[in-house]
Amino acid sequence: MYLKQNVLIEPLVNQWYAWNLLITPHGLGMVLANYHKKIMESYIRSPMMHTKAVKNPKMIGGPFMDLEGDQTAVVQALLERTLAQNSDVIALAEAIAETDKILLEEAKGQTLAPIYARVPEALKGFVELGYDLNNQPSQRFLERFLYQSPLYQRDRQSLALQQVAGDDRAFVLSTPRFPSPTQLHVPMAFDDPAIDTLFSMREQPRSLAELDAWLPPDPAEQRFFKSLFTEEAPTLTGRDRDQIEGGMRVKYFGHATLLVESPEVSILTDPIVSYEVPDPAAVPRYTYADLPETIDYVVITHGHQDHIMFETLLQLRHKIGTIVVPRSNGGTLQDPSLKLVLEYTGFKNVIELDEMERLPVPGGAITGLPFLGEHGDLHIRAKLGYHIRLNERAVVCVADANNLEPKMYDMARKTLGPIDQLYVGMECAGAPMSWLYGPLMNKPLPRSQDQARRLDGSDCEKAMRLIESLDPKSVYVYAMGQEPWLTFISSIAYTETSKPIVESNQLVARCREKGLISERLFGCKQIAF
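For the sequence shown, the numbering used here assigns the number 540 to the last residue and increments by one with no breaks.
It should be emphasised that the hints constitute simulated quantities derived from the structure, not laboratory data.
Fair warning: this is a prediction, and the values are worked out from it, not measured in the lab.
A few of these clues could be false.
Straight line, CA to CA, 25 Å or less: simulated SDA-like cross-link-like pairs of lysine to any residue [claimed, not checked]:
| no. | residue 1 | residue 2 |
| --- | --- | --- |
| 1 | LYS359 | PRO204 |
| 2 | LYS49 | GLN316 |
| 3 | LYS63 | ASN45 |
| 4 | LYS350 | LYS418 |
| 5 | LYS237 | PRO198 |
| 6 | LYS418 | ARG369 |
| 7 | LYS48 | SER445 |
| 8 | LYS66 | LEU184 |
| 9 | LYS112 | ARG458 |
| 10 | LYS48 | ARG369 |
| 11 | LYS418 | LEU527 |
Generate coordinates for the entire structure from the input sequences, incorporating the hints supplied.
Shown next, in the form of structure tokens:
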């Protein structure tokens, strides 16, 4: 039997869609205490307010649950269960807040040694206190200790399975998931090898007897689970690496996902892969069936939910050789180690890369590039663009980097030489910083500061300056979140007057005026050399 190509998986933590901060114990505590708890309490107080808000396109992505009908009882039950089963990480979040308060009120440059005795018990042993060179105090978390402690509980993790008929999905970051006749929830840790067995069945037939770990006890749920499989073999179209001409090929899978291939190696950037939908009017796309048999390298540009997508990564884990991630600062709430997050979700070979550090691969190399902006001016180190050179061809993908200091790329060009293709994101409006990082803050920013510190990338002028630095032969705008299968995570609904569309239109036009090949990518595309 084969797993059907339209089977969707959602990895969950406490029934909320999993992203990196929900996997880290300290991040989970902060998000639960300062966001999940509050949004559930808000829904219980006024379910109709939430129902009305999610019908307004301008409110998508806001703190509103998208549930059918009045689900007060099930949300109340989830809230009570969540508080009971997560008291340890909630206590950790409270301890982090209390320690922050002590530091901000009392640490004025004197020794911090006496404060260790006042660190709440839930945080003891997990934190180092220190100053920066301007005498600003802060906490540094010993992340591996947190994972090795009882605070990291795999039984909080589960997977939801269903079949999809189209691209519509409720926005996942503000709505918990509940079992239903069309959605099966399976308690399973993300590092369980049974995940690899199941998703290898998209391509390789197996007996259902090999899936005991997935089989629910309820007979109706068993029937539903078995309906996810078919005897019909899929059409696999991604196994033609030996036919690549010109030394390299790029396939655009949507958003920031590029499959960069040579006859010797395959590299996938920021994987988000669409499911096969049985709708003849659907936007053309590449799906899991269009991927190669093995993916030698996955490269992650940064830790935002639309770039390190566990929904896709878990399904690909069985065929990934190595994952390359940017190195984090180590120990801050806003910049957790992506290496640790991936290792504790079952990925065996994870490599951290620094700016301008080179990783040799067959026929070439992957080099990390500086990445500024898009993180609300927070000190977050775990972000990289990538220069990929294979068989004397070179592409650069910078995702959402904001070209705030062009001299960086001038220097990179001197080291790395000319490139063939540049892929640049231009989501240059961006949400305010608190949209993503607000739950980690014990003291909210004034609104004027929050609105000024956006999660934004390059506009036309900054992208043009990047082009001047790197001197590519072709320029592609990507990572815009426009594909219809991305609304569940991006909440973006552009119009022709939206700033990212206006700016990217200008960029494409100016590139073409200069004689460069240029377009804004959408859906899917194969790009030859």
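- Message: If you test the structure against every hint from before, which numbers come out violated?
- Response: 4 and 10
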